[in-house]
Each structure stands twice: as structure tokens, then as C-alpha cells.
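Q: Here's the letter readout for the chains.
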Amino acid sequence: MLKHFIRLEWKSFVRSASFGTNLALKIIMGLAALYFIACFAILGTAVFFILKDEGMEPLSTINKFMIYYVLFDLIIRYFLQKMPVTNIKPLLLLPINRSTIVHYSLGKTVISFFNVLHAFFFVPFTIVLLYKGYGYQALLWHIGMLALIYTNNFLNVLINSKNIVFYTVLGLLAALATSQYYDVFDITPYSQLFFQNMYDTYYGFLAPVILVSATYYFSFNYFKNRLNLDDGLAKKSEVAKTENFTWLDQFGTLGTFLKNDIRLLKRNKRSRTTLIMSFIFIFYGLLFFTQSIEAYDNPWMKVFAGIFVSGGFLFTFGQFVPSWDSAYYQLMMSQNIQYREYISSKWWLMVIGTVVSTLIASFYLYFGLHTYLIIVVGAIFNIGVNSHLVMLGGAFVKTPIDLTTSKQAFGDKQAFNMKTMLISLPKMVVPMGLYTLGYYLFSPNIGLVFVAVAGILGFAFRNSVFDKIEKIYKTEKYATIAAYKQKN
Amino acid sequence: MIHVHNLSKTYNNGVRVLHINHLEIPKGQSFGLVGNNGAGKTTFFSLLLDLIQPTTGHIENNNVQVNTSEAWKPFTAAFIDESFLIGYLTAEEYFYFIGDLRGQNKADVDALLAKHEEFFNGEILNSKKYLRDLSKGNMKKVGIIATLIGNPEVIILDEPFANLDPTTVNRLKKIIKELATDPNRTILVSSHDLVHTVEVCNRIVALHLGEVVKDIQTSPETLKELEAFFAV
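Taken in order, these protein sequences are the chains called B and A. For the first sequence, position 36 (counting from the first letter as 1) is numbered 36 according to UniProt numbering, and the numbering increases by one without interruption. For the second sequence, position 18 (counting from the first letter as 1) is numbered 18 according to UniProt numbering, and the numbering increases by one without interruption.
A portion of the hints provided could be inaccurate.
Per the computed footprint, the stretches of chain B lying under chain A, defined by three or more beta-carbons under 8 Å from a beta-carbon of chain A, are [claimed, not checked]:
1. 95 to 109
2. 198 to 205
3. 260 to 274
4. 479 to 486
Derived PhoX-like pairs: lysine-lysine, alpha-carbon spacing no greater than 25 Å straight-line [to be verified]:
5. A:K129 to B:K269
6. A:K106 to B:K266
7. B:K241 to A:K129
8. B:K89 to A:K106
9. A:K136 to B:K485
10. A:K128 to B:K241
11. A:K27 to B:K241
12. B:K241 to A:K106
The hints are simulated quantities; they were obtained by calculation from the structure and are not laboratory data. A virtual CB, placed ideally from N, CA and C, is assigned to each residue, including glycine.
Go ahead and model the full structure; you've got the sequences and the hints to work with.
A: Written out as C-alpha cells, the structure reads:
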């Protein structure tokens, strides 16, 4: 039986859509994984000596902060670790015990990247401990930590569908961290006892071992009892509410498309991820304007930040126009649709997104008026120039978007589309160059004026760019339909 | 209404999936397309909707050559498969969206929906579900009714009877027959089901491996003739 499972697993891995993407992406993903592994391994090896140099007892210091490590791990898992329920359906009808299926699915999570990664920290750290004469009890501590990591793993299986539990954990973590930071209440002396106990005593490590057995037992039962199509394996569906947005009717066809785009953003996982990412981009500028990173502390990098703070939505949404509509592109192509209205509705959406981001970013006024003005002229340039470039690049993207999953959002193969790359370059380089030019030739304010004027000039080309995009949509129509039909 | 000239579609691997030298569908006809899987029914409809490019020849829809002009779009409506639905909309939102594109106001659409309330069987309007969460049969019902919005002159339905329950099939037949009474309306229906097609269409064309093998005006003998042709 196990042989069959392993063979299935291997095929699903080798034939998965993400594996089939181009070589460049594979290499980059591999490098990213290696990077994380290396970080953990280096940390695991070096942390002992670093702490020692700082005059702290390494193991007890690690134990002190271990509570945060464990809680944070749980949160990361909640967001990123996939649930084992996929691919169970076809197994249900085959002559396999339900228990076997559940054991197999849970067992699968054991070798997940989110568990293996920790080994790269704990194994070298334990080896260093042994080497430094901490005795065999370091091994007991290691077993205890291993059990805790797996407790998290199975806990995540249990709570994954329960947002309340998750937000409680998140709230707890935030509360603990803040109260510790402001010296209100410090949990670490208490939690430290628990972790230190695993080293100090012969039996301390048994607590997490019991914990991991219990969570495994509960998640096993939880799954087994819900191994029905209408329960644990059911597709989650939201309660739908009809929204007519009648106030948009006054804009005619443009309003019709805008309505749909608003619903698109609100109701799909994939597009909501875009919204969250563009919100995070607003705070990206903090890295630049707080002067915390020396390499960023120059005029051109500040413009770079200004472009990103206001343009997060513009970039993340715009680069996939028209792929957002890929699922029903055939409908769009057989309806009486004016491309011009379609394109301008997307454009207006990006304009609205940019304006809203710029308004939210007004807290940058804290760093001075000039800083905020950099963001404002960045927004003008984004609306005037970048919005067109982004859509021009998007017109060449032919990867269908699955709106119902959020996992595609990070690292997609279209990022390596050559045409898109070439079109992307001026988005950053031109405003950075213009500002720097004005900054050094005249004054910082003239630099701002340069960027703003370039943005306003960009408006003049709006119609010709829209014509060009329209033409691309038309000439690429058949290829685009064929590409969108391909499911990942 | 629809003229097919020397139309063929060949894929890169050299497989010719459709070849129709000449076919004429006059205005007002209800035209049935039957054939096995792979006979070229959906390919023909996709060519008619300019979703794929013909290898040779062309189709004219009301004197508009479909692969060069888009002027056929305002008077043509089609439902091929679920990719014609917008998954994240509710049924109402979808109908109003199509209505907007076809120049119909909310009241027009509401009137049409009220007329077909029976067809929906109470499972679609106000169902608090997005289209992506509907069952296959209910998705089909939404798609079919959406093609009626704005009184298009040409209606194209690919496999409309598949996935529908017996009652709904009968209701659909009634709807199609009623539509066919309008002399300005041309209806194209494809199906595997000979009985249904014979019942609603006044002309039937059978495709086999991309070629027209039968072209008959419906008569009491039609069903027998077709059954004999597809018999094993």
C-alpha cells in the first residue's frame, strides 16, 4: 500500500504545474529554498558562539525566546502550509481503510518543508551543544524541540479551518510581545522554565512528546470523522450577496466593467492577496525614509520608494490585465464589448488604487513634507506613465489566473516574460533618473517637478497607448483564448 | 443568415478536425447539429464565434465575415460551456452584466427573468450563491437564459440538454420551440441526444470526423434515419 502512495506522491510532485514551469523559475525557487536552509544552518551553528560572545548562556537564552519561535512558527504555518486533504477524494472509493488514508495524509505533512526547515537550525545547534560538553541531555532537549515542532504541525492541521483559534494565537503573540517590550509583563521567565526543563531533567522532554502524541491523536480522529464529501472534504463556499453598485451606472459601460472589477477584487482569494500586498507596499517606504539602511539613503532610491508606495496596487493588479478575466475570456470575446471601455475601466481602477494608496501614505508627512511630495509625484508618474506601461506589459501575459487560490500570487512564470521585463524597466529608471538629475543640477524641489511633469506628459500619450493595447488584444486574441483554456 | 464557405480547421499536428465546403443556414431556422465526440460540433461553434481561427475559408453571419469584423456580436448570443460564466458573480449580477453589454436596462432583464422563473426552479435567483458554487445543471440554466437577454437574432447553444434533469429538459425544449416561432430568429443547437434534437429543430446536420454526413429537414422519419446512421 505504502508503495502505491509513494508512487502517487512522486508523480504528483514531478507533474505538478509549478514543476513544469520554465527552468529559470525552478532555479530561482531552488535558490530561495537553499537560501532559507543556509540561513537556518548558519544560525544554528553560529548562534551558540554569538550568544556566548555577548556574555549570555546560550541554551537558556534560546530557551527564553523559544516561546516566540514556536508561536511564530504556528502563524507562518497557518498562512503557508497546505492542508493534506487534497487528492483524498479519488482514494475514498478504493478498497483502502479510512484509517490508512488518514495516517497517510497526516504522515505526508511530516516531511513538509515547514518541518524539515527547523532541522537545519536544531541539528547543528544540538551538535554544537554536544561538542561543547552539554552532555547527552542536549539530545533529550532536541527530542523535546522536535516534538514541539511536530505539535505545531498537527495543531495547524486542527486549527487550519478555524480562524478564531488562529487570531487568538496571533493576538496572544502580539500582546505578549508588546507587554514584554514595554515592561508590563514578561512571559519568558515562565516559558523558559518549561524549555529549560527539557534539558535540566530526565523527564522534561516527555511533556512535548505527550503533546505531540495527543495532537496527532486528535487530528487523526478529527479527520477520520470528517472524511466525507459534505464535511471535511467539502468545498468551502461563501454566502453570496448581490451587490448592484447602482451609483456606478452613471458611467455607462465603464461603470459596468468597474462594477465587475470591484467584485473581482472583493470576492476572490487571488485578488484579495493582491490587495494585501499593495497595502504592504505602502509601508515599504519606511525602509527608505527612516534612514535605517545606508544603501537606500540617497535621492534616487527615495524616488524608487515613492513609486512603490503609491504604485503597489497598480503594479500587482495591472501586470495581470487582462489575465484577471482569463476564466471567462471566451465570454468576453463573444460579447459586444468595446475594448476601449474595457481597458479604461482597468485603468481607472488603477488610478483609484494609486490615489487611495497615496492618501493612506500621508503618514509619511511625519518624515517631512518633501518626503511625502516624493510619494505624491511618484503617484503622478505612476498614473501618467506607469499605468500605461503596466497594461502594455500585461497585454503580452498569457498565463491564466486561477482566482480561487492565492498561492499563485508569489513568483509566477510570467515574471520572466521578456517583453514584460523590457517594458518594466523605464517604470523605475526614468523617474529615478529625472529626480536625480533635477536634484544635482538644480535643487531637490526641481527634481520633484521633473518627475511630475514627466507624469503629466504621459497623459498625452494615453490614447495612443490605449490604441496600441487594443491592437495587441486583437492580434493576440486567438493565442490568448487558447492559452487561457489551459488549466494549470 | 449564416453562410459557410470552404471552412476547415487543421491543428498543428496535421489533424483536420473540421471541413465543411458549403453550408447555408437561412434566417429563422432552428438548426440542430448532431454527432459523436470529436465530430467537430464545438469546433464549428467556436469558429462561428471567432474564438479560433479557421485554417481555410470563412463564415458569414448576417453578411458579416466573423473573423474580420466584430459587427456580428450585437445580434449573436452563445453559451458553449462554463467558461462563459463569471464565477464570482451571483446569477442576478451576471444577468445584469450581460444586460448592460447588450443595452438592456434592469427592468428588461427582470422581465425576462420573471418569464423564466419556472425554468430556474427556485434554485438560482436569490440563492445566496456565486455562480462557481452552483451545480453543473444550474450553471447551464444560467448560461442558457443569459443568451436570451436582449433578443438576439442568432442563438447558439452547445449541448444545452446535457446535465439537465428531465423536467428542465422539457422546459428547455418548450423555450427553444417558442423562440423558433419568431421568423427573425436563427437557433443553433448541438447535441448527442438525437431525440431531443429532432424534437426542437426543423433541420438536422450530422457531422462525422469533421465532415457533413447528413443534412435533413426534420420529418417523422428523421429520427429513424439518424438512429440507423449512428447504430453500431
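Q: Look at each hint and say if it fits the structure.
A: How the hints compare with the structure:
Counting residues of the segment 95 to 109 of chain B whose beta carbon lies closer than 8 Å to any beta carbon of chain A gives 0, which falls short of the minimum of three for the stated coverage. Counting residues of the segment 198 to 205 of chain B whose C-beta lies closer than 8 Å to any C-beta of chain A gives 0; at least three are required, and the coverage claim is violated. Interface restraint, the segment 260 to 274 of chain B with chain A: holds (5 residues with C-beta to C-beta distance below 8 Å; minimum three). With a cut-off of 8 Å between beta carbons, the segment 479 to 486 of chain B has 3 residues touching chain A; three or more are needed, and the interface restraint holds.
Between K129 of chain A and K269 of chain B the alpha-carbon distance is near 16 Å, which keeps this suggested pair within the 25 Å criterion. This hinted pair checks out: K106 of chain A and K266 of chain B have alpha carbons roughly 23 Å apart, not beyond 25 Å. With a C-alpha separation of about 8 Å, the suggested pairing of K241 of chain B with K129 of chain A holds against the 25 Å cut-off. Between K89 of chain B and K106 of chain A, the direct Cα distance comes to roughly 42 Å. Violation of the 25 Å bound is thereby established for this hinted pair.
Between K136 of chain A and K485 of chain B the alpha-carbon distance is near 18 Å, which keeps this suggested pair within the 25 Å criterion. Among the hinted pairs, K128 of chain A with K241 of chain B is consistent with the structure: their alpha-carbon atoms are about 6 Å apart, no more than 25 Å. Taking the CA atoms of K27 of chain A and K241 of chain B, the gap is about 41 Å. The hint is violated against a cut of 25 Å. Pair hint K241 of chain B plus K106 of chain A holds up; C-alpha atoms about 17 Å apart against a cutoff of 25 Å.
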